[in-house]
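Colleague: Listed below are the residues making up each chain.
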Amino acid sequence: MVKKLYKHEFMAWLRIMPFFFVIPLVTAGFHRILQLFEADSVVYEIVSGSTILLFIVTLFVCLSAPTVYGIVRFYKNLFTGEGYLSFTLPVKNTTHLWVKTLTNLVFHVAAFLACIASFLVITSGEVLAELWDSGIFLWKMLPAEDCYHVAGFFAEFCVLMLASILFSILLFYSCLCIGQLAKKNRILLSVGVYFAYYVISQICSTVFMIFFSILSTSGALDSVFVFVEEHPYAFTHITFGSSILIYVVMALVLWLVCRFILQKKLNLE
Amino acid sequence: MTILECFGVTKQYSSVKALDGFSVSLESGRIVGLLGPNGSGKTTLIKLINGLLTPNAGTISICGQTPGPETKALVAYLPDNIYLNTWMSVQQIVDYFSDFYEDFRRELALEMLERLGISPKQKLKTLSKGNKEKVCLILTMSRNAKLYVLDEPIAGVDPAARDYVISTIINNYNPEATVLISTHLISDIEQILDEVIFIHAGKVVLQKTVDAIREENGKSVDELFREVFRW
Numbered sequence: 001m002v003k004k005l006y007k008h009e010f011m012a013w014l015r016i017m018p019f020f021f022v023i024p025l026v027t028a029g030f031h032r033i034l035q036l037f038e039a040d041s042v043v044y045e046i047v048s049g050s051t052i053l054l055f056i057v058t059l060f061v062c063l064s065a066p067t068v069y070g071i072v073r074f075y076k077n078l079f080t081g082e083g084y085l086s087f088t089l090p091v092k093n094t095t096h097l098w099v100k101t102l103t104n105l106v107f108h109v110a111a112f113l114a115c116i117a118s119f120l121v122i123t124s125g126e127v128l129a130e131l132w133d134s135g136i137f138l139w140k141m142l143p144a145e146d147c148y149h150v151a152g153f154f155a156e157f158c159v160l161m162l163a164s165i166l167f168s169i170l171l172f173y174s175c176l177c178i179g180q181l182a183k184k185n186r187i188l189l190s191v192g193v194y195f196a197y198y199v200i201s202q203i204c205s206t207v208f209m210i211f212f213s214i215l216s217t218s219g220a221l222d223s224v225f226v227f228v229e230e231h232p233y234a235f236t237h238i239t240f241g242s243s244i245l246i247y248v249v250m251a252l253v254l255w256l257v258c259r260f261i262l263q264k265k266l267n268l269e
Numbered sequence: 270m271t272i273l274e275c276f277g278v279t280k281q282y283s284s285v286k287a288l289d290g291f292s293v294s295l296e297s298g299r300i301v302g303l304l305g306p307n308g309s310g311k312t313t314l315i316k317l318i319n320g321l322l323t324p325n326a327g328t329i330s331i332c333g334q335t336p337g338p339e340t341k342a343l344v345a346y347l348p349d350n351i352y353l354n355t356w357m358s359v360q361q362i363v364d365y366f367s368d369f370y371e372d373f374r375r376e377l378a379l380e381m382l383e384r385l386g387i388s389p390k391q392k393l394k395t396l397s398k399g400n401k402e403k404v405c406l407i408l409t410m411s412r413n414a415k416l417y418v419l420d421e422p423i424a425g426v427d428p429a430a431r432d433y434v435i436s437t438i439i440n441n442y443n444p445e446a447t448v449l450i451s452t453h454l455i456s457d458i459e460q461i462l463d464e465v466i467f468i469h470a471g472k473v474v475l476q477k478t479v480d481a482i483r484e485e486n487g488k489s490v491d492e493l494f495r496e497v498f499r500w
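These protein sequence lines are chains A and B, in that order.
Numbering of the first sequence is given in the numbering used here, commencing with residue 1 and proceeding in unit increments.
Numbering of the second sequence is given in the numbering used here, commencing with residue 270 and proceeding in unit increments.
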């Protein structure tokens, strides 16, 4: 049953998403072809500049499309009339949450890969070869021990990206879940909850920064600074690891909020 | 065999009690009318049966199980609003039901749709409101369920369409199953009912067979309803 739910969820996403993945590739290809006819004229400069601008816009659209479609699909499929069908399928309510979250995550990764592919297209030829050579040169400059650390940083960075995407997906879903508890103006309440989260997180980070600067000027963090100087790699690994942990914990809290509302407080129109 | 059993079910929305200690038991092989004025708790009860709400108190049991994925496989539900994904085609929604419900009779659904002149290739968003409602009904009645729960299936449809809805229910339900029909348009549906439950302010006012009402009260269900719920 879960497989079928994934099948239909992917079908719904595949109806929309390929278009957003293809457009940066097309604009990148168009710009690359245009470069083959490079000319020293104003018209060429304008057209070339416009295609670069268009490419940047399409990258932005491609990366934000899964977020926007994920929100629309979650809301429509679960909290409007469609919810009467979704929640009477013989699956647990939390299964919907799993399926929608993981499908959304997959399409976020796909959007990121589409952007990388379009970057490779637009830099193909001499630029890409130069970038590649520079990368190889830098890699060879690193001592063998540092190579492991850099590879580790890359892996940690990828996990951190996945954790932060997961968190942002669940943040939007939890805002929608909380919003539907209201009798009226559910979308408005969802937006309000999101802004409330944003304001609270900004206040928390500001308080943290103030606290941090007070501690560092008072000398209470001197031992930490010494550790950072002596073990820069270990410090970076700890920073990545703790960031991943914070995102995972916050995602778990949001998942529990969504789960509770979908199981106990479902309030269809 | 008891298909549905509710005992002391209470559902409260802030200060309003939609259901207040509601208790009822339904046997298999019967068509039961859930009758009551607007706001009497009919839809709340139906949502509870389908696991769309959770009761504040009391128990609900469908074929001996509390509402959950297992009971959803046994209950065919027709809500009072259209639940179709409008981007799908008729064929896709039939496939969707076929994928999720083991008791779904795909050929029967396609045959009924064909009789209505609805092509499987048609997009659901291109259908009229009336045809969308008919597609919903066909999908529900194409299931070989243990319990059919139909929420206001004839509300807001013209008399000819009402006949279509009633004949679709009669001709396609599993005879061993129970059909629970919620409505306040009693005269249209009275002839197919075996039993009625009158509900008011979240409580059972009366549960009787239609024959008993006619024999004991000397009235039709519609007449008795008007008498019980007179302002």
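Everything labelled a hint here was simulated from the structure, so no lab data went into it.
Idealized CB from N, CA, C, for every residue including glycine.
Be aware that one or more of the hints could be misleading.
[Claimed, not checked] Within a straight-line C-alpha distance of at most 25 Å, the following computed DMTMM-like cross-link-like pairs (lysine to aspartate or glutamate) qualify:
| no. | chain 1 | residue 1 | chain 2 | residue 2 |
| --- | --- | --- | --- | --- |
| 1 | A | Lys76 | B | Glu464 |
| 2 | B | Lys398 | B | Glu339 |
| 3 | A | Lys3 | B | Glu484 |
| 4 | A | Lys3 | B | Glu421 |
| 5 | A | Lys264 | B | Asp427 |
| 6 | B | Lys394 | A | Glu9 |
| 7 | A | Lys92 | B | Asp457 |
| 8 | B | Lys401 | B | Asp368 |
| 9 | B | Lys392 | B | Asp427 |
| 10 | A | Lys7 | B | Asp372 |
| 11 | A | Lys4 | B | Glu421 |
| 12 | A | Lys183 | B | Glu380 |
| 13 | A | Lys183 | A | Glu45 |
| 14 | B | Lys401 | A | Glu130 |
| 15 | B | Lys394 | A | Glu82 |
| 16 | A | Lys92 | B | Asp432 |
| 17 | B | Lys488 | B | Glu445 |
| 18 | A | Lys265 | B | Asp349 |
| 19 | B | Lys398 | B | Glu421 |
| 20 | B | Lys401 | B | Glu380 |
| 21 | A | Lys92 | B | Glu485 |
[Stated by the list, open to error] To spell it out: a stretch of chain A is covered by chain B in this simulated footprint if at least three of its residues, at any positions, have a beta carbon under 8 Å from a beta carbon of chain B; those stretches are:
| no. | region |
| --- | --- |
| 22 | 4-14 |
| 23 | 74-86 |
| 24 | 259-268 |
[As the list claims (entries may be wrong)] Examples of chain B residues lying across from chain A (beta carbon under 7 Å, computed):
| no. | residue |
| --- | --- |
| 25 | Leu321 |
| 26 | Pro324 |
| 27 | Asn325 |
| 28 | Pro338 |
| 29 | Asp349 |
| 30 | Phe498 |
Colleague: A separate judgement is required for each hint: does it hold in the structure or not?
Modeller: Structure-based check of each hint:
Only pairs whose Cα atoms come within 25 Å are accepted, and Lys76 (chain A) paired with Glu464 (chain B) is rejected, the gap being roughly 37 Å. Restraint check for Lys398 (chain B) and Glu339 (chain B): the C-alpha separation of about 32 Å exceeds 25 Å, so the hint is violated. With a C-alpha separation of about 54 Å, the suggested pair Lys3 (chain A) and Glu484 (chain B) falls outside the 25 Å cut-off, and the hint is violated. This hinted pair does not check out: Lys3 (chain A) and Glu421 (chain B) have alpha carbons roughly 33 Å apart, beyond 25 Å.
Among the hinted pairs, Lys264 (chain A) with Asp427 (chain B) is inconsistent with the structure: their alpha-carbon atoms are about 37 Å apart, more than 25 Å. Using a Cα cut-off of 25 Å, the hinted pair Lys394 (chain B) and Glu9 (chain A) holds, with the two alpha carbons roughly 19 Å apart. Of the supplied pair hints, the one linking Lys92 (chain A) and Asp457 (chain B) is violated, its CA atoms being roughly 37 Å apart against a limit of 25 Å. Between Lys401 (chain B) and Asp368 (chain B) the alpha-carbon distance is near 20 Å, which keeps this suggested pair within the 25 Å criterion.
Note on Lys392 (chain B) and Asp427 (chain B): the hinted pairing holds, with a Cα-Cα distance of about 24 Å set against a maximum of 25 Å. Taking the CA atoms of Lys7 (chain A) and Asp372 (chain B), the gap is about 20 Å. The hint holds against a cut of 25 Å. For the given pair, Lys4 (chain A) sits about 30 Å from Glu421 (chain B) by alpha-carbon distance, which is inconsistent with the 25 Å threshold. Simply put, Lys183 (chain A) and Glu380 (chain B) have alpha-carbon atoms about 40 Å apart, too far for the 25 Å limit, and the pair is violated.
About 55 Å separates the Cα atoms of Lys183 (chain A) and Glu45 (chain A), which puts this hinted pair outside 25 Å; it is violated. Simply put, Lys401 (chain B) and Glu130 (chain A) have alpha-carbon atoms about 59 Å apart, too far for the 25 Å limit, and the pair is violated. Restraint check for Lys394 (chain B) and Glu82 (chain A): satisfied, since their Cα atoms lie roughly 13 Å apart, inside the 25 Å limit. Distance check on the hinted pair: Lys92 (chain A) and Asp432 (chain B) sit about 36 Å apart at the alpha-carbon level, beyond 25 Å; violated.
The suggested pairing of Lys488 (chain B) with Glu445 (chain B) is violated, with an alpha-carbon distance near 28 Å, which exceeds 25 Å. Between Lys265 (chain A) and Asp349 (chain B) the alpha-carbon distance is near 20 Å, which keeps this suggested pair within the 25 Å criterion. About 15 Å separates the Cα atoms of Lys398 (chain B) and Glu421 (chain B), which keeps this hinted pair within 25 Å; it holds. For the proposed pair Lys401 (chain B) and Glu380 (chain B), the alpha carbon gap of about 16 Å is at most 25 Å, so the pair holds.
Taken as a hint, the Lys92 (chain A) and Glu485 (chain B) pair is broken in the structure, with Cα atoms around 46 Å apart against an allowance of 25 Å. Look at the region 4-14 of chain A against chain B: 4 of its residues bring a Cβ nearer than 8 Å to a Cβ of that chain, three or more, so the hint holds. For the region 74-86 of chain A, the assignment as covered by chain B holds, since 6 residues bring a beta-carbon within under 8 Å of that chain's beta-carbons and 3 suffice. Figure legend: the region 259-268 of chain A, annotated as covered by chain B; annotation consistent (4 residues with Cβ-Cβ distances under 8 Å, at least 3 required).
Checking Leu321 (chain B) against chain A by beta carbon gives a least distance of about 6 Å; that is within 7 Å, so the hint holds. At its closest, the beta carbon of Pro324 (chain B) sits 11 Å from a beta carbon of chain A; the interface hint therefore is violated under the 7 Å criterion. For Asn325 (chain B), the interface hint is violated, the least distance from its beta-carbon to any beta-carbon of chain A being 11 Å, above 7 Å. The closest approach between the C-beta of Pro338 (chain B) and any C-beta of chain A is roughly 5 Å, which is under the 7 Å cut-off, so the hint is satisfied.
Because the closest C-beta pair between Asp349 (chain B) and chain A is about 9 Å apart, greater than 7 Å, the hint is violated. A distance limit of 7 Å between C-beta atoms decides the matter here; for Phe498 (chain B) the minimum to chain A is near 26 Å, and the interface restraint is violated.
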